[in-house]
Amino acid sequence: MRRDKQEAQAQFNRRVLLLGAGGALMFGGLGARLYSLQILEQERYRTLSDSNQFSFRLQPPVRGRILDRAGEALAENRDNYRLFIVPEQAGDPVRALERLARHLPMTEGRMERLLTQIARTPRFQPVTVAEDLDWETFARINLHLPELPGILPDVGEVRTYPHAQTMAHVTGYVQVAPPEMARGDRLLLHPGFRIGRSGAEIANEDRLRGSAGQLKVEVNAFGRVIRELPDQSVPSRPGSDVHLSVDLRAQRVAMQALSQEAAAAVALDMVNGEILVLASTPGFDPNAFVLGIGQAEFNSLNSNPYRPLFNKATTGLYAPASTIKGLISMAALEHGVISPNERIHCSGRVQLGNRTFHCWRREGHGSVHMHDAMKVSCDTYFYEVARRLGVERIRETALRCGLGHLFDIGLPVPERAAGLVPSAAWKRARRGQPWTTGDTFNTGIGQGYMLASPLQLAVMTARLATGRAVTPTLNLRPPGFSFDSLGFDEGHVETVHRAMSGVVNEPGGTAYWTLRPGLGVEGVQMCGKTGTAQVYSITPEERARGVRSQDDLPWRLRNHGLFIGYAPADNPRYAVAVVVEHGMGGTRTAARPARDILRDLVTRDPATRETGPLAALSAASGTGS
Amino acid sequence: MGVFSQSVPRGLREKLYEINWAFVLLIILIGLIGVGMLYSVEGGAWDPYASRHSVRFAAGLAVMLGVAMAPPRFWMGVAYPAYIGALVLLIGVELFGVTAMGAKRWLELGPIRMQPSEIMKIALVLALARYYHDLAAERVSSLAGLILPLIMIAVPVLLVSRQPDLGTAVLIGATGMIMVFLAGLSWRVIGVGAVFGAVGAWGVLTYALKDYQRDRIFTFLDPEADPLGSGYQILQSKIALGSGGLTGKGYMQGSQAHLNYLPEKQTDFIFTMLGEEFGFVGCMVVLGLYAMLLANCVMIAGSCKSTFLRLVVMGVASTFAFYVFINAGMVMGLFPVVGVPLPMISYGGSVMLTVLFGLGLILGAHVHRGAEPPKGAGLFG
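Residue numbers (the working numbering), protein chains in the order written: chain F, 1 to 625; chain G, 626 to 1006.
One chain only, chain G, in its complex shape:
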């Protein structure tokens, strides 16, 4: 069966048949590990974390399958409106946001409490993919063709970093840059950009960051210098991981975690707890599952015939990979503590929904991998 004989499935039944069930199975496995760890967080109790996590995960899976059923044309059509909408919400946060724990990240619309930066993660991927899908190949590296995507990336990054939510800002920015790179930016432009980027990073580090942000970035380099201050989290996390050894201390027997030496063990530091209770083996199994999921994404991207789908798949996959890298690296003391959760394992509703929505887009890309929507195609044209 050659590439050219692929046809785009039309009916719901055909589409379901085309779903990559191995991909779904991987996702379910990871989610179940999350439920198991959250059960341990409470010392063997379903409430409040494990039970709610299960419900959210099940709901997220349903959303994922729903997203996968929609045709690429639909996502092209909503790409720009979604981006504009997310941008408006981000500005809304800036103006009317709810402040919690020193950061303004949430917007309250009646009973719903939402985090617009989560929506932006998906919306930016869709918008950039659509932009490059429509752009003529020879203009990808031209100055005119580069300015708009850079603005599309910079505006949300700035808004999110002002909340301040450094982790998410980095995530959004890095994902955007990877998409620009994949779209075919010439190496010459990349070289020049790298120089400016280095200078810019130095500037930001020196002038734009708040003191506590800078502290967090620098203490990860030498946590032992201030064991009870800001280095405490990293140090305790490293002790927990290290003391886990090869096979760990046993399920629900993590002394670091259960004696509360470990901060935020249900969210940002859940990987540490896994490492303490299941050791090196457990960590490698989880990282291996993530790696398999990402390898699957790369294969799906390769099989897609349209630029739009390829970029969507790689954009979402990059975001996902960054989540894992930043979180795992953070708890091991490789990156600063920036507050990025471990996808599908950490407790938290908004991120769970974003991640499963994104994975739904990838699953959908696989289902519709043969589709070749024309440039400028959309819902209505």
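Only chain F is shown next, with the shape it has when bound in the complex:
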């Protein structure tokens, strides 16, 4: 037994030794292979490695342009003369930069920043020294290149936004990719390559970017290109141009009309939902972001109370105020809770339990029917109509008109907002309180919980005016595009339409005196509705101190001014919504800019004018049919 065991152990040990010998042999094999690769063939592989470093130059693609509907460039590229330093070839980076500074003045701080960046980067990777040089400086440095080892001149392209402020929120801007995104991506790491970071630039990134090519070059030991081998290279494929539906000229009218305000304007072609104007003031200069915006400049933009970086047209949310009254009228007619001729008496106030609800006109409007109630914007009438409808039926119509809906118009998700259409269930869930008739009253005049963006207000306007399920987009839609009907009764659409015409064109209408003579285009009328969203309620004490009107309040406490409208009245085509933050009243500050936009659109008629890409599109479909 013991002998058996000893024999087994001896056999085991013999075999372990055998295996050990096999293992040693394999380790030896690995060592021999390494010796052959790393010692014997070192030179060959070192050359291959060097050629890896230099022989293929990544060719970043040219970014596609962003064009307006008429083919005007909103974002394009211009030459960017720049200098790189390749630390490995430059020797001592301090001396290399000092040599360069003789031709290109550099501040101490800039030089220090560059040196820390060079220290952080692998020595074989180029670091950007200067960008956007003028041609003379660039040519001078090229001339002195032999005394500047390690300096690599390069002509790249840089994004430029010719209409700067006017289109900033539509185009957005490009920037160097953030490090966490660029990690491991050679194209994104390429110095000077930029990607869309907001607006249409990011939403259309895939189409705009194109794909990188590889340029095969022969280089000498200093990394200077001796010759290029284009036939062995893969050319970069430029990105495609993107045509947006916006109309540069109408946008300019909007931006100018609202230039003194913090405001937003949206205009739509109601037939196909194309957005013609998407303005948010104040604008900002997207060009400042492309080459890297300074911290001070960014801070001043970011802390400006007028919020220039914020796209108010799509993400600003406001109480729709009286602009909702067309929608409430439509809901009332559709559900048959009131006939257009039924009169309701307005004494300037309504008592509900122990709360008093005022009409904006303290002395009341007397006995009004729907047409007049809309025209004079009588709150009392709509308190009663809302009470009869109840919040759920208001909500249903509001959703049908596009409120509370997140429209995918071709902007990135953070630049859109859904707003809020309240319901009893919402209030219970969010506030833990039951819905009250008072809440319904407030909803009926667009105050209270309801919130909408200017974009949504424009959609609501278009849906009420056409009775169709208009959805907005920043992209061009094919000719002949149309929307399904929302199922509103034709007669009801007509009633609301005439009421909104009354607001502008009949004496007594809230926008009549301000806009007189209406649209201002021979033979064409516009429709509209004013609104004033309360921001702050003047207290009795303040009233006693002499704070009587909005003008006496500081800017941030003044009411928002709103206006929605459309034209031409006899064949509605263009819808517009304007919100002026703290503009005190829709009549005072929002109506005229909205009218100016509509007037420009109606006179020039860009929706039917066949120029640029639109002409090409309709020509193509013309031959098809």
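Take these hints with a grain of salt, some might be off.
[Unchecked claim] The calculated lysine to any residue pairs, modelled on SDA-like cross-linking and capped at a C-alpha distance of 20 Å, are: (1) 5/F <-> 927/G; (2) 930/G <-> 61/F; (3) 930/G <-> 16/F; (4) 216/F <-> 61/F; (5) 930/G <-> 13/F; (6) 1000/G <-> 9/F; (7) 5/F <-> 764/G; (8) 930/G <-> 216/F; (9) 1000/G <-> 8/F; (10) 930/G <-> 6/F; (11) 5/F <-> 995/G.
Note that these hints are calculated values from the structure, not bench results. The model shown is predicted, which means the values in this text are computed figures rather than measured ones.
Please build the complex by placing chain G on the supplied structure of chain F, with the hints as guidance.
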């Protein structure tokens, strides 16, 4: 002090005293090299690789010491249940596995994502060791004594290769065969087996492999033929190694690695990066550390008195050696690219745990080298 005077340590303090600290030191050295290389992978950043690797390595070391404290009887007791459990999990992968990157290797149990093939590596070693420990010496070469171990090896190999995870399947199969060999299989049977094996390998190569698997196997023979296709990885890896030369390009200065010519540099190709940055010297130091660790294992196996412990030590050591051979050979273009990591240096949690668990078993075998559990011994008997 003769062999017979060895006694089995009992208390925790005695056991700790018996731990082979040189062995532990080697392991720590290798792990630290891994941390250093993963720091370089990110161009000099702790996150995400180096930091997580350090944490996993520290946790793995604790597991290793814990495993080393358990007596051989315990491991004999859990050998079969562990094997059955691992088998059930492998079948689970086949049925409910999570597919990632074209392969079904993972099983999701609540928040835990596990790779049962890793458990099987250890479980098979334990089960085979236990089987041969219990088997009478004269039956080792008999047909009856051979069938069960072959089935024990074949079933997991088939299941793993179906995932498909060729590298692990080869690893499990080869480890199993080495254990059968060490258990004392007669040379005559080995000769016959070799003939059948050759025929079988030909069959598998021709009929059972997926196209991309065959491609990977054949392109390593001639990577230059398709430099941008499947030979790309091997070619770039060879360039990186070769250009490293005698002493390398310097820490964090590997142009191949940092310009992203090198694929998977944090996992399968980390040895290449080491070779590029530290050259032939660096490679030999790392291979030398592995060789010392393995030599230590062989010495421990020789000192063990029970068949069970000897086989466990050699089984785990073989798996470990295969990891190193296959990985290093793969990046040098000697073996096909099969996706086997370099133990304790490559980034990856499951393999790290498996390896340190296995090394814990070896460490435990050294601590309990005098133990002679009877045949059929187990937890409860």
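Hint by hint, here is what the structure shows:
no.: 1; hint: 5/F <-> 927/G; verdict: holds (14 Å)
no.: 2; hint: 930/G <-> 61/F; verdict: violated (70 Å)
no.: 3; hint: 930/G <-> 16/F; verdict: holds (15 Å)
no.: 4; hint: 216/F <-> 61/F; verdict: holds (15 Å)
no.: 5; hint: 930/G <-> 13/F; verdict: holds (12 Å)
no.: 6; hint: 1000/G <-> 9/F; verdict: holds (16 Å)
no.: 7; hint: 5/F <-> 764/G; verdict: holds (14 Å)
no.: 8; hint: 930/G <-> 216/F; verdict: violated (65 Å)
no.: 9; hint: 1000/G <-> 8/F; verdict: holds (15 Å)
no.: 10; hint: 930/G <-> 6/F; verdict: holds (10 Å)
no.: 11; hint: 5/F <-> 995/G; verdict: holds (15 Å)
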